[in-house]
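Trainee: The residues making up each chain are set out below.
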Amino acid sequence: MAWFRKTKTPKPIRPERPRSNVPEGLWVKCEGCKEVIYSRDLDRNLRVCPKCGHHMRIDARTRIALLLDEPEPRELFTGVTPTDPLAFRDTKRYRDRIKTYQQAVGERDAVLVVQGHLDEIPVMVAAMEYRFMGGSMGSVVGEKITRAAERACERRLPLLVISASGGARMQEGVLSLMQMAKISAALGRLRAAGLPYISILTDPTTGGVTASFAMLGDLNVAEPGALIGFAGPRVIEQTIRQSLPEGFQRSEFLLEHGFLDLVVQRSEMKEMLARCLRHLYRP
Amino acid sequence: MTASDSQFDIPLAELRKRIEELEGYPAGSSQDKELERLRVSLRKNTAEVYGHLSRWQKVLVARHQDRPYTLDYVHFLMEDWVEVHGDRAFSDDPAIVAGLARFRGRSVAVVGHEKGRDTKERISRNFGQPRPDGYRKALRVMKMAEKFRLPVLTFIDTAGAYPGLDAEERGQAEAIARNLIEMSALTVPIVVTVTGEGGSGGALALGVGDRVFILEYATYSVISPEGCAAILWKDQNKKAEAAEAMRITAPDLLQLGVVDAIIPEPPGGAHTDPEAACRRVGDVLADALDELVRLSPNELIARRYEKFRALGVYDEG
Ligand SMILES: [Zn+2]
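So the sequences go chain by chain: C and E.
Residues in the first sequence are numbered from 281 upward in steps of one, following the working numbering.
Residues in the second sequence are numbered from 3 upward in steps of one, following the working numbering.
Honestly, the hints are just simulated from the structure, not real lab data.
Among the hints, erroneous ones may be present.
[As the list claims (entries may be wrong)] Dumping the calculated SDA-like pairs for lysine to any residue here, alpha-carbon to alpha-carbon at most 25 Å:
id : chain 1 : residue 1 : chain 2 : residue 2
1  : C       : K372      : E       : E228
2  : E       : K236      : C       : A384
3  : E       : K309      : C       : T363
4  : E       : K122      : C       : I520
5  : E       : K309      : C       : G359
6  : C       : K379      : E       : W235
7  : E       : K240      : C       : R377
8  : E       : K236      : C       : D364
9  : C       : K379      : E       : E243
10 : E       : K241      : C       : G414
11 : E       : K145      : C       : A472
12 : C       : K372      : E       : E246
13 : C       : K331      : C       : V316
14 : C       : K372      : E       : N239
15 : C       : K550      : C       : R320
16 : E       : K241      : C       : T371
17 : C       : K314      : C       : S523
18 : E       : K236      : C       : V385
19 : E       : K236      : C       : R514
20 : E       : K19       : E       : H66
21 : E       : K309      : C       : D364
22 : E       : K236      : C       : K314
23 : E       : K145      : C       : P365
24 : E       : K240      : C       : E517
25 : C       : K372      : E       : A232
26 : C       : K379      : E       : E246
27 : E       : K241      : C       : E517
28 : E       : K241      : E       : E228
29 : C       : K372      : E       : Q238
30 : E       : K236      : C       : P365
31 : E       : K309      : E       : E148
32 : E       : K145      : E       : V286
33 : E       : K236      : C       : A554
34 : E       : K236      : C       : G312
35 : E       : K240      : E       : E228
36 : E       : K35       : E       : E22
37 : C       : K379      : C       : T361
38 : E       : K236      : C       : T519
39 : E       : K236      : C       : D541
40 : E       : K309      : C       : R471
Generate coordinates for the entire structure from the input sequences, incorporating the hints supplied.
Mentor: See the structure below:
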């Protein structure tokens, strides 16, 4: 755990939604064991429940901080921002939704790309931000991850993508769907260049994100207990008209069925990625 | 189409039925006059109705049960069809058909969704909703086509990849993802035609090609209008609104750059004259292949990359 002492203590993270029965920011109820845990203890434990090991969701910047050596790694493609190609409106205008999320989350869209070092190995990292519209993939996510793959090719760097997403963004319609093809094609170039791509799947990773880059890693590595699938559990239950077995579509289930290489604790992720990269990559 | 949703098509279907009946009778002057009157009426009404279809109505046309499916295109356009089976891993998924055929003088590989014609066949084909085995069969045949330098023709018509327990267990997401990366790098021409419903990732998994065509009344979308309505409006009945908002019809897709061209359907939709619809598709596919076979493998995949690379709309500043 020496690596962790080198990095700054992660910023305290606000829970995803305020829980009515516990004062926000101070106490958090674990969804795994239902225990109420002091928030600062959780932060010290990387938002992993000290009682049951449940991995809570954390934001993209915290994920990057946990993996990279640099306290402030260089962020790339920050100018790529969402627009409203379809003039989409459901109960609310997409344009307004974007603004609301930008203000609430403090990010421009649902992915960050940084270049830095992971235990001294140069890497390109894209991390998805689930708090931004459920980490949904529209044109910005597609463009930034594609650029990350292309830049990784140019600089001969390994690519890591940390997924956390409900899938494609409906408000950009079929353009969101096409991002799946665009990113996958860019990963094809990375593959042709002989560079490693490691997909890191976190809770939750579903829909078009799973059905494109998240499943295409040379190594697919997940955090414990993450929901990973194509269709969401509710849709499946409606289709087959029965409830799903315990643990269905969780990391351990996917490992057992052959779709993941490793399930790795958050506290051990950096070390494991470094070990893998040292086998696969020579700068 | 369900009766309540497809009111617009009922009078036309009745006119067609009446004309067919009269055509069955021996000729006679009064009958000929009546026939002529009905034909004029059908033409006029068809032009009127089909000239003003809403997006949701087009969804219903795209789902019409008499629309030509992949095996109809094979039947009307190709000779010497050899259907092949299985993914070499788990099963043969009848929701996707794949095989070899001769198309206008060329051997080609054909891969497409197949919904099935009658109830029994529809059930056995899972209504054209593939499991991972189907996508893996598709990929296996495409890789074989690459090995033997055959162009690939794909036909897309699915509500979506099957969201079932077994499909998840066997890696629906991985199977779709695998097809995307492999199709983007396949060194033979791939021509894609969206013939009916282009339902999300389950459609795109056969959709990465050098040319992407769509039939006039076909649709292509990130999620079904019903699914989008249920999530964003919290009300499945807002499907027409969702279809409008997502802009999922052929002209929308052409405008967004997702398809290269729209293939016109016979007046009244492909279901009124499947053979004519198939022939129109055949002519477009033949022209596309004539152009694409001239490109080197490297040119092909470089251009295919740029084609999909260009999709997406964002600001940069
Ligand atoms: Zn717990």
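Trainee: With reference to the structure, classify each hint as holding or not holding.
Mentor: Here's how the hints hold up against the structure:
At most 25 Å may separate the alpha-carbon atoms for a hinted pair to count; C:K372 and E:E228 meet this at roughly 18 Å. Straight-line distance between C-alpha atoms of E:K236 and C:A384 comes to about 23 Å, which keeps the hinted pair within the 25 Å bound. Only pairs whose Cα atoms come within 25 Å are accepted, and E:K309 paired with C:T363 is accepted, the gap being roughly 21 Å. Distance restraint check for E:K122 and C:I520: the Cα-Cα separation of roughly 19 Å lies within the 25 Å cut-off, and the hinted pair is therefore satisfied.
In summary, the hint linking E:K309 to C:G359 is supported, as the alpha carbons are separated by about 23 Å, within the 25 Å threshold. Restraint check: the Cα-Cα separation between C:K379 and E:W235 comes to about 20 Å, which is no more than 25 Å; the hinted pair holds. Distance restraint check for E:K240 and C:R377: the Cα-Cα separation of roughly 20 Å lies within the 25 Å cut-off, and the hinted pair is therefore satisfied. At roughly 22 Å between alpha-carbon atoms, E:K236 and C:D364 fall within 25 Å of each other, so this suggested pair holds.
Pair hint C:K379 plus E:E243 holds up; C-alpha atoms about 23 Å apart against a cutoff of 25 Å. For the given pair, E:K241 sits about 22 Å from C:G414 by alpha-carbon distance, which is consistent with the 25 Å threshold. For the proposed pair E:K145 and C:A472, the alpha carbon gap of about 17 Å is at most 25 Å, so the pair holds. Distance check on the hinted pair: C:K372 and E:E246 sit about 15 Å apart at the alpha-carbon level, within 25 Å; holds.
Distance hint between C:K331 and C:V316 is fulfilled; the C-alpha atoms sit about 10 Å from each other, no more than 25 Å. Between C:K372 and E:N239, the direct Cα distance comes to roughly 17 Å. Compliance with the 25 Å bound is thereby established for this hinted pair. Distance check on the hinted pair: C:K550 and C:R320 sit about 22 Å apart at the alpha-carbon level, within 25 Å; holds. Of the supplied pair hints, the one linking E:K241 and C:T371 holds, its CA atoms being roughly 13 Å apart against a limit of 25 Å.
For a cut-off of 25 Å, the pair hint linking C:K314 to C:S523 stands: about 22 Å separates their Cα positions. About 24 Å separates the Cα atoms of E:K236 and C:V385, which keeps this hinted pair within 25 Å; it holds. With a C-alpha separation of about 14 Å, the suggested pairing of E:K236 with C:R514 holds against the 25 Å cut-off. Our distance criterion of 25 Å between C-alpha atoms is met by E:K19 and E:H66, whose separation comes to about 17 Å.
Between E:K309 and C:D364, the direct Cα distance comes to roughly 21 Å. Compliance with the 25 Å bound is thereby established for this hinted pair. Between the alpha carbons of E:K236 and C:K314 the distance comes to roughly 29 Å, so the proposed pair goes past 25 Å and is violated. Restraint check: the Cα-Cα separation between E:K145 and C:P365 comes to about 36 Å, which exceeds 25 Å; the hinted pair is violated. Distance check on the hinted pair: E:K240 and C:E517 sit about 22 Å apart at the alpha-carbon level, within 25 Å; holds.
Annotation: proposed proximity of C:K372 to E:A232 holds, straight-line Cα distance about 15 Å (limit 25 Å). Note on C:K379 and E:E246: the hinted pairing holds, with a Cα-Cα distance of about 23 Å set against a maximum of 25 Å. Of the supplied pair hints, the one linking E:K241 and C:E517 holds, its CA atoms being roughly 21 Å apart against a limit of 25 Å. Restraint check: the Cα-Cα separation between E:K241 and E:E228 comes to about 5 Å, which is no more than 25 Å; the hinted pair holds.
At most 25 Å may separate the alpha-carbon atoms for a hinted pair to count; C:K372 and E:Q238 meet this at roughly 17 Å. With a C-alpha separation of about 23 Å, the suggested pairing of E:K236 with C:P365 holds against the 25 Å cut-off. Under the criterion of a C-alpha separation no larger than 25 Å, the hint pairing E:K309 with E:E148 is consistent with the structure, at around 20 Å. Using a Cα cut-off of 25 Å, the hinted pair E:K145 and E:V286 holds, with the two alpha carbons roughly 24 Å apart.
At roughly 44 Å between alpha-carbon atoms, E:K236 and C:A554 are farther apart than 25 Å, so this suggested pair is violated. Under the criterion of a C-alpha separation no larger than 25 Å, the hint pairing E:K236 with C:G312 is inconsistent with the structure, at around 28 Å. This hinted pair checks out: E:K240 and E:E228 have alpha carbons roughly 7 Å apart, not beyond 25 Å. Using a Cα cut-off of 25 Å, the hinted pair E:K35 and E:E22 holds, with the two alpha carbons roughly 14 Å apart.
Only pairs whose Cα atoms come within 25 Å are accepted, and C:K379 paired with C:T361 is accepted, the gap being roughly 11 Å. For the proposed pair E:K236 and C:T519, the alpha carbon gap of about 18 Å is at most 25 Å, so the pair holds. In summary, the hint linking E:K236 to C:D541 is not supported, as the alpha carbons are separated by about 37 Å, beyond the 25 Å threshold. Under the criterion of a C-alpha separation no larger than 25 Å, the hint pairing E:K309 with C:R471 is consistent with the structure, at around 19 Å.
Comparing the model with each earlier hint shows violations of hints 22, 23, 33, 34, 39; every other hint is respected.
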